[in-house]
Amino acid sequence: MGDFFRALINAIAIVAIPLMLFAFLGWGVVKRVKVYEVFVEGAKDGFNVAVRIIPYLVAMLCAIGIFRASGAMELLTTVLAPITNLIGMPAETLPMALMRPLSGSGSLGIMTELMKVHGPDSFIGILASTMYGSSETTFYVLAVYFGSVQVKNTRHAVPAGLIADVCGMLGAVFICRVLFGI
Amino acid sequence: MLNYIWIALIVIGLLVAVGNDVKDEIQNTYRNGVPLTATFVVQKAPTAQRATWEGELALSAESFGQFYGLKPGESEIRQPVSISTAPSGASTFLMVTGPSSPDHWKEMAKSATSKDKLMGTVQSMKFSADEATAEVEIVFEPIRLVKLKAVTQAALDYAATAVTIAIGLIGIMALWLGVMKVAEEAGLLKVVTRLLAPVTKRLFPDVPTDHPAIGAMIMNIAANMLGLSNAATPLGLKAMEELNRLNPKVGTATNAMVTFLAINTGGLILIPATAIAVRAAAGSSNPGIIIGTSIFGAACATVAGVTAAKLLQRLPRYRKDFEPVSQPGKEGDNG
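Going down the list, the protein sequences come from chains A and B.
For the first sequence, the numbering used here assigns the number 1 to the initial residue and increments by one for each residue that follows.
For the second sequence, the numbering used here assigns the number 1 to the initial residue and increments by one for each residue that follows.
Calculated from the structure, these hints are not laboratory results.
You may find that some hints are simply not true.
[Unchecked claim] Cβ-Cβ distance ranges computed for the label pairs, FRET-style:
| hint | chain 1 | residue 1 | chain 2 | residue 2 | range |
| --- | --- | --- | --- | --- | --- |
| 1 | B | Glu-25 | A | Leu-80 | 36 to 46 Å |
| 2 | B | Met-119 | A | Leu-75 | 30 to 40 Å |
| 3 | B | Lys-249 | A | Glu-37 | 44 to 54 Å |
| 4 | B | Asn-32 | A | Pro-18 | 51 to 61 Å |
| 5 | B | Asp-116 | A | Lys-152 | 32 to 42 Å |
| 6 | B | Asn-28 | A | Glu-74 | 13 to 23 Å |
| 7 | A | Pro-18 | B | Arg-50 | 53 to 63 Å |
| 8 | B | Met-119 | A | Phe-4 | 29 to 39 Å |
| 9 | A | Lys-116 | B | Pro-142 | 50 to 60 Å |
| 10 | A | Pro-82 | B | Glu-131 | 51 to 61 Å |
| 11 | A | Lys-116 | B | Val-139 | 26 to 36 Å |
| 12 | A | Pro-82 | B | Pro-142 | 36 to 46 Å |
| 13 | B | Asn-28 | A | Leu-75 | 17 to 27 Å |
[As the list claims (entries may be wrong)] Straight line, CA to CA, 30 Å or less: simulated DSBU-like cross-link-like pairs of lysine-lysine:
| hint | chain 1 | residue 1 | chain 2 | residue 2 |
| --- | --- | --- | --- | --- |
| 14 | B | Lys-106 | A | Lys-116 |
| 15 | B | Lys-149 | A | Lys-116 |
| 16 | A | Lys-152 | B | Lys-320 |
Ideal Cβ positions, reconstructed from N, Cα and C, are used throughout, including at glycine.
So here's chain B without its partners, still in its complex pose:
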């Protein structure tokens, strides 16, 4: 299943990217080669040392929307820009896009020649009487294959992110694996597992109730519920390692592993701290109002996940993975 989903994500991603680029090309979404008329507000005129005009490009939201065929935004566009005049007379401009730049330009800058910078030529520049402003006609450098470039960049960025995440885990992994080892040697995990044996016996019938895997799983779930994700992942990986010791067929997920992951992907958490923090930052009058609803949603997810795991493991196609090869019909007869 993961094989299909994985390849589907990649193939659909590439096809949609090509499709979007073709659409952009046909509709000329980025207005390649079309001159845009705007007002240049002069802030610094060229001096002997510096041959560029520094200032802002001002354009009403309506004309910007009209030019690109977009819904007009709310505020007028003020984009810092520098215009340099070459001795031959041809002028070029350079704008560095920032947080205040229109989204469309930010999008264009992402796939421009140099990242976060848009360049182009100035076709004409007519100064007003006091030389404080000028009416300019500009043509941007051609912007093409935006999505394909974005897809390439994403693949490279995410590969690097994966390594960063893994490396970041090393220290915290070592800490919790060390602590867990001490707890194991001291027999502390046995105490915890004995308390919860009635529950774990049903959830993980294939795992002996006093096995260290049970202890690690309980600790992982407890850490997850408290929102201690730093501790939860190492404990969860420890649990997987212990479950793998019971795995007769290394490389294939056991029923217990799938059930454990179903609980984990349900993500039951008592305080959804991240969501609350974002709500508070957005100025909510009651950021914590979602605690109850989140617990309900996560409980639905967890119950459904565990039920699904338990039901799916009975399907012949998943059962055959752990059937003895010499007696292929035996398990099937019992069910």
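Here chain A stands alone, though its shape is the one from the complex:
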């Protein structure tokens, strides 16, 4: 069942983009849209949007880079370890939970490292990979999406995003303990 589902989704992922291109442009032809002219008209914004993001992305990534390089993550892990022990979350996976909202490549590195040390089918390995799949890189998404429309006052987006991250991580711990618990 799981394999079938996986194969199905993988197949969809491969044909989705060609199908979307074909359907959208084909529908445009049917509706007598001047497809080439309209496409170019829309596409010319691509450059501006990408360039508009740069200052927001630089600000965000530099702050995250400084935080990561300083070793503050290790300090935070030590401080938070007693709390996470209470909910049955192995201390080894705490850096993963903390890194996930900050950096995609950083959390990927931690996940790979945890699997190398503890094995992919160990509880820690399964939990780390579930955590990786349970959330997005919140701060990156915030910087890129808000940057593209020059939003500086993000209002409640950060608290909402962080609540989502915490719940995603707690959900991952919960489900892994129920299904693969020690």
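Since the structure of chain A is provided, determine the placement of chain B on it from the hints.
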């Protein structure tokens, strides 16, 4: 909020870096000025053209751990090194750290004078009878302020990364914005949005159900769920642009934008392809076992994020951003 988090990341980062450097200095973590005794295994003796000894530095894991006060590793240390003797008699060594080098040396090499290379002086060199090995005493160049150097490097590297990411988006952005424009002109987005109107009406009450923003958001979420991140980001940015058209106060996030971002940061994805690939590479007997658990975790994140966004937007401090200035009390009376 982002202001505080942003400055907190930077200030905490700098303070911790300074703290760690002070700690390293007090504990002499890198053993500055302390001679290390090791065995030099000769591979190439000096010739007329070349005045350096090429070989490997061999050191048992125990003595390495003891010297640096670390937990001993598993395997013996074999580090390629070249030793050159100056006419005055003082010898220096140079080691290029690679993947097989001990982590501690790799860490030291990062903040050495030249990147990925460790230098130092050879205090003494006693050859064995057959001249195949020698007992050497070496002192590394002083390694200081490792974390501060790392922090500086990270800030510069990440600034460059940000531009690389943005530039990389240009082409794919243009492609999807073009396709979306065609879909919009052809009225295709209207069909999609009408189908999902019952859901989107509740999630985004401020956005008209047939607005192009709804179409773009649906496409973005669908692309995210299928793991098509190349398509998802441009579609998401298109959605933000459309949402911004409805924004009475440009520069401030609207409720719809925050809800949309909450869905996005939840990261609901049907197949967590990256995690599965890493598991498979690490030799898992069942890499796909995490599909169900990931969907559960991401569903928790998404539901919590949307709920949080909906609840937080009612708070007076977030509501006041969109209240008419002339009637400050009106919105408050209704709630």
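Each hint, compared with the structure:
1. A hinted range of 36 to 46 Å is violated for the C-beta pair Glu-25(B) and Leu-80(A), which are about 27 Å apart.
2. Between Met-119(B) and Leu-75(A), the C-beta spacing of about 31 Å keeps the proposed range 30 to 40 Å intact.
3. Range check, Lys-249(B) to Glu-37(A): Cβ separation about 34 Å, and the 44 to 54 Å hint is violated.
4. Restraint check, Asn-32(B) to Pro-18(A): a C-beta distance of roughly 60 Å satisfies the suggested window 51 to 61 Å.
5. In this structure the hint that Asp-116(B) and Lys-152(A) lie 32 to 42 Å apart at CB holds, the actual value being about 40 Å.
6. In this structure, Asn-28(B) and Glu-74(A) meet the distance hint of 13 to 23 Å, their C-beta atoms being roughly 20 Å apart.
7. At roughly 59 Å, the beta-carbon separation of Pro-18(A) and Arg-50(B) lies within the given 53 to 63 Å, and the hint holds.
8. Between Met-119(B) and Phe-4(A) the C-beta distance comes to about 59 Å, which lies outside the given range of 29 to 39 Å.
9. Taking the beta carbon of each, Lys-116(A) and Pro-142(B) are about 33 Å apart, not inside 50 to 60 Å as hinted.
10. Separation of Pro-82(A) from Glu-131(B) is about 57 Å and conforms to the stated range, judged on CB atoms against 51 to 61 Å.
11. Between Lys-116(A) and Val-139(B) the beta carbon distance is about 33 Å. The supplied range of 26 to 36 Å therefore holds.
12. Our hint of 36 to 46 Å for Pro-82(A) and Pro-142(B) holds, since their Cβ atoms are close to 37 Å apart.
13. At roughly 21 Å, the beta carbons of Asn-28(B) and Leu-75(A) sit within the given window of 17 to 27 Å.
14. Taken as a hint, the Lys-106(B) and Lys-116(A) pair is honoured in the structure, with Cα atoms around 19 Å apart against an allowance of 30 Å.
15. Simply put, Lys-149(B) and Lys-116(A) have alpha-carbon atoms about 29 Å apart, close enough for the 30 Å limit, and the pair holds.
16. For the given pair, Lys-152(A) sits about 16 Å from Lys-320(B) by alpha-carbon distance, which is consistent with the 30 Å threshold.
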